[in-house]
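There are 2 protein chains.
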Amino acid sequence: MSEKVNPKTEKITFNIDKEKNFSDWFTEIIKTAELADIRYNVKGFLVFQPWSVLSMESIYFFLERVLQKKGHKPYWYPAVIPEKNFYLEQEHVQGFTPEVFWVTEHGAGEKLEEKLALRPTSETAFYQMFSIWIRSYNDLPFKTYQRAQVWRYETKATRPFLRAREFHWIETHCAFETEEDARAQVQEDMETTEEVLHTILGVPFIFFKRPQWDKFAGAVNTFGADTLMPDGRVLQLPSTHLLGQNFSKPFNVKFTDSEGQEKFTFLTCYGPAVGRIFAAVCAVHGDNKGLRFPWAIAPVQIVIVPIGMNKDKNVLTKAHTLKEKLQNAFYRVEVDVSEKMPGEKFYFWEMKGVPVRLELGPKEILEGKLTVFRRDTNSKTQILEKDLLSFIEKTGKEITENLKTQADQKFKDVLVSVKTKAEIEPVIVAGKIARTPFCSTNMEGNACAELIEKEIHARVRGTRIDVPQTVSGNCVVCNKPAKETVYIAREY
Amino acid sequence: MSEKVNPKTEKITFNIDKEKNFSDWFTEIIKTAELADIRYNVKGFLVFQPWSVLSMESIYFFLERVLQKKGHKPYWYPAVIPEKNFYLEQEHVQGFTPEVFWVTEHGAGEKLEEKLALRPTSETAFYQMFSIWIRSYNDLPFKTYQRAQVWRYETKATRPFLRAREFHWIETHCAFETEEDARAQVQEDMETTEEVLHTILGVPFIFFKRPQWDKFAGAVNTFGADTLMPDGRVLQLPSTHLLGQNFSKPFNVKFTDSEGQEKFTFLTCYGPAVGRIFAAVCAVHGDNKGLRFPWAIAPVQIVIVPIGMNKDKNVLTKAHTLKEKLQNAFYRVEVDVSEKMPGEKFYFWEMKGVPVRLELGPKEILEGKLTVFRRDTNSKTQILEKDLLSFIEKTGKEITENLKTQADQKFKDVLVSVKTKAEIEPVIVAGKIARTPFCSTNMEGNACAELIEKEIHARVRGTRIDVPQTVSGNCVVCNKPAKETVYIAREY
Chain E
1 MSEKVNPKTE KITFNIDKEK NFSDWFTEII KTAELADIRY NVKGFLVFQP
51 WSVLSMESIY FFLERVLQKK GHKPYWYPAV IPEKNFYLEQ EHVQGFTPEV
101 FWVTEHGAGE KLEEKLALRP TSETAFYQMF SIWIRSYNDL PFKTYQRAQV
151 WRYETKATRP FLRAREFHWI ETHCAFETEE DARAQVQEDM ETTEEVLHTI
201 LGVPFIFFKR PQWDKFAGAV NTFGADTLMP DGRVLQLPST HLLGQNFSKP
251 FNVKFTDSEG QEKFTFLTCY GPAVGRIFAA VCAVHGDNKG LRFPWAIAPV
301 QIVIVPIGMN KDKNVLTKAH TLKEKLQNAF YRVEVDVSEK MPGEKFYFWE
351 MKGVPVRLEL GPKEILEGKL TVFRRDTNSK TQILEKDLLS FIEKTGKEIT
401 ENLKTQADQK FKDVLVSVKT KAEIEPVIVA GKIARTPFCS TNMEGNACAE
451 LIEKEIHARV RGTRIDVPQT VSGNCVVCNK PAKETVYIAR EY
Chain X
1 MSEKVNPKTE KITFNIDKEK NFSDWFTEII KTAELADIRY NVKGFLVFQP
51 WSVLSMESIY FFLERVLQKK GHKPYWYPAV IPEKNFYLEQ EHVQGFTPEV
101 FWVTEHGAGE KLEEKLALRP TSETAFYQMF SIWIRSYNDL PFKTYQRAQV
151 WRYETKATRP FLRAREFHWI ETHCAFETEE DARAQVQEDM ETTEEVLHTI
201 LGVPFIFFKR PQWDKFAGAV NTFGADTLMP DGRVLQLPST HLLGQNFSKP
251 FNVKFTDSEG QEKFTFLTCY GPAVGRIFAA VCAVHGDNKG LRFPWAIAPV
301 QIVIVPIGMN KDKNVLTKAH TLKEKLQNAF YRVEVDVSEK MPGEKFYFWE
351 MKGVPVRLEL GPKEILEGKL TVFRRDTNSK TQILEKDLLS FIEKTGKEIT
401 ENLKTQADQK FKDVLVSVKT KAEIEPVIVA GKIARTPFCS TNMEGNACAE
451 LIEKEIHARV RGTRIDVPQT VSGNCVVCNK PAKETVYIAR EY
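Residue numbers (our numbering), protein chains in the order written: chain E, 1 to 492; chain X, 1 to 492.
Extracted from the complex, chain E is given alone in its bound form (with noise of 0.2 angstroms):
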């Protein structure tokens, strides 16, 4: 188990079976790596500490990045939306009410004139403005995107970065001339997701398309992303989803095709929650010692830790050139100049998950070497000074590509087959995923999926579309002929 010490003044050795423990293990980090503090008085909110916010930061860049190139423009929109533009989607309404924090007053406890929604999303804000905008088919396709907060009244129990009354994200809304350009933006999503969660970040995940009872309020499909977690249970990454004409009809949003006829829209919507995302990134990497971020997130990329620099002035002197060196080449970058032991200072930034650690003493520096810690591996070796810059340009990567490694190998071996009901809770209980023969994905499985969730505490995820799914035999509930092959977990 962790001690719960001040890190500023006495030392710490985290040591949590990762595997084993993975509660303990995630409300252990967030305290000792100051991810977040549960402390806020008010039920559900947290406060962000700067070690995620940091990394969190660096999410939303990648993913801003992938999204402007992909020619999505960005949008501020108002944090409230009005209660009657809620009611003009049925389902949405349905879907989303529950969780709806009201603003009802002002100043010293007067009414306001209409009661104002805190965004739970921001559908029916961002469609009546496209309503405004969109006129003809010049105008299409229209991608646009915001990063924002959501609010909404969780009534299941909450865990820091994986379930709050309030997260960041992202929201991508766009309008298409036809449903085709829509389903292309879906898939276009689903790629965005691969090139910053995978690629980026080296998190593994599959894309099922939900049962239409598991789809966002108001969808026509919703296709979410799935990562397994370390005990065994999926976490909900982004999910994007094709709306159709649904929000296009009440909000009108309408376009003047090429031959002068007006007809509306298609609407597609995705939405990476960056603190999910980061939760994930220190859920799949992390190991028994704390956090392992890769390089492209890490609060800190390099940490340089002085050794004997009470005796010798050259040592800090040469480690703030090298810091001052890297930062030149845009490396993030801190020099440990505290007085705890060289030891504590080890423990501790590996505890943080920094990907690199420059060990650096009067013997180094006579020798021109650098001892170098790579946290991927836990282990320790020797460069010359003067290669330095090619070093941790080669290494960055790798530590990366190391991560990545490592985790696409547990996701590998995660999909189980199963023919019968009796062979999915085993399954189920060893950490992965069961793939059965279903009935259907339409409203008439959702007694087939209840009651998988009442008897497994596990839930029907959807099918895949990434590969293509052979189905044969019977639904494992009901027993009538297979229509889909589905994927069960039990999540978050």
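To be clear, the hints were calculated from the coordinates, so they are not data collected in a lab. Take these hints with a grain of salt, some might be off.
Stated by the list, open to error - In silico BS3-like links for lysine-lysine, alpha-carbon gap of 30 angstroms or less:
(1) X:Lys340 with E:Lys263
(2) X:Lys69 with X:Lys345
(3) E:Lys143 with X:Lys289
(4) X:Lys345 with X:Lys31
(5) X:Lys31 with E:Lys345
(6) X:Lys410 with E:Lys31
(7) E:Lys31 with X:Lys69
(8) E:Lys323 with E:Lys263
(9) E:Lys115 with X:Lys31
(10) E:Lys340 with X:Lys69
(11) E:Lys325 with X:Lys289
(12) X:Lys69 with X:Lys263
(13) X:Lys345 with E:Lys84
Using the hints provided, position chain X relative to the given structure of chain E.
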């Protein structure tokens, strides 16, 4: 007057006399350049569009970079603050409660256990956490900030970017051992303002120490940066506040000093609002043809306009080659491939404020030359294509420097010394700031300030602290011996 037309399909010639008719100019440029849309259906709230968002994101970038360099760490605090937190600091609750939006319900109208304020500012959120985190002098200075939105139920007329019920800002919150340290932080905040607003954005301002009746609710002293808008009214840009122990006592933000004594910390906060800063940039640098962006925050820095692209395919190929070359050097570049006539394209991007335009036709390609238009000087020149990168590097700097020099020039003669009350109004009407002897900026001077506000519709902005001030003569209102030299102006 501007023609209100769809920029995608029709010609735009923006032409409003900014100096003579600033109010129109500002309203129209917001619409024509698509900076923000006021048609969102909640009063006082608006939608910020890509052209302003991209620029405001750059303003965030520079502010955050400077703050982080000076040791501020980023946090994300909840958007809601429990009602009880507000009641801990008496002046603060009186100052802010009238402006608070209250979240009181969830779901289908169920009451929350406790009313939650949508943060109008976050002192009462930050300092309760400071009281948990700060233990000893080793934890000090404790320097934080967050990028956030705040909400205030403004009763004055709202104006896009200038006064709205929701705005985007940064707020810093810092804790110190001594009042001296806190005062040094206030000084540093003023330097940060200079570094970003003046050096990078070219917007001149003066910091005034606000009179006691105009300070931040709960502060010991408030220092606000005023710039002058083209209509002669001042606009408050960032303000920084010495809070002393006014908040640390009720919120119990204590530390143990090096001798083991428990003491209350001294607190400061600083709040640059990016929307206002953006408005100042537009207003100060714009001309009758539209916006003129300083280089660092231009959403597009260089627009390439191909001439005769339908006749000669090389033109478009070359345009894209140049774009790529410039993008690889980290510039923000667009090629205008629309079907508009070149002249229309020129007007459009000039109105949008893009600093540099490259014109490129078959003739230029043949000669290995480029025609360059600079928006700051509205002048054309020719360069050799091979010199493009070095030319852009030099010109980017020159443009910012030139806009800054022009703005400084106008700002230079803005302060006019007067000795009598009768002399104030003509100075104000001429769009300047009156400098007068005044009885006092403590509360006993408020009556004189109110008289000025009533008779001249102008406000006492405070005293200067950046240059030595002499005080002589009697108060221009009550004729008592003057204790201060104050500055009087009309404000936004």
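Taken at face value, is the distance from the CA of lysine 263 (chain X) to the CA of lysine 69 (chain X) at most 30 angstroms? Roughly 28 angstroms between the alpha carbons, so the hint for lysine 69 (chain X) and lysine 263 (chain X) holds.
Sort out whether lysine 69 (chain X) lies within 30 angstroms of lysine 31 (chain E), counting only the CA atoms. Holds, at roughly 26 angstroms.
For lysine 69 (chain X) and lysine 345 (chain X), compute the direct alpha-carbon distance and say whether it is at most 30 angstroms. violated, 40 angstroms
Given the hinted pair lysine 31 (chain X) and lysine 345 (chain E), is their alpha-carbon gap at most 30 angstroms? violated, 55 angstroms
Are lysine 323 (chain E) and lysine 263 (chain E) close enough, with their CA atoms no more than 30 angstroms apart? violated, 59 angstroms
Hinted pair lysine 345 (chain X) and lysine 31 (chain X), Cα distance within 30 angstroms: holds, 18 angstroms
Holds or violated: lysine 115 (chain E) with lysine 31 (chain X), Cα cutoff 30 angstroms? holds, 28 angstroms
Could you grab the alpha-carbon distance between lysine 345 (chain X) and lysine 84 (chain E) and see if it respects the 30 angstroms cut-off? violated, 41 angstroms
Decide if the proposed pair is consistent with the structure: lysine 340 (chain E) and lysine 69 (chain X), CA atoms, cutoff 30 angstroms inclusive. holds, 24 angstroms
Hey, lysine 340 (chain X) versus lysine 263 (chain E), does the alpha-carbon distance stay inside 30 angstroms? holds, 26 angstroms
30 angstroms Cα cutoff - pair lysine 325 (chain E), lysine 289 (chain X): This hinted pair is violated, its Cα atoms lying about 45 angstroms apart.
Proposed proximity, lysine 289 (chain X) with lysine 143 (chain E) (alpha carbon, max 30 angstroms): With Cα atoms ~29 angstroms apart, lysine 143 (chain E) and lysine 289 (chain X) stay inside 30 angstroms; holds.
When each numbered hint is compared with the structure, violations occur for hints 2, 5, 6, 8, 11, 13.
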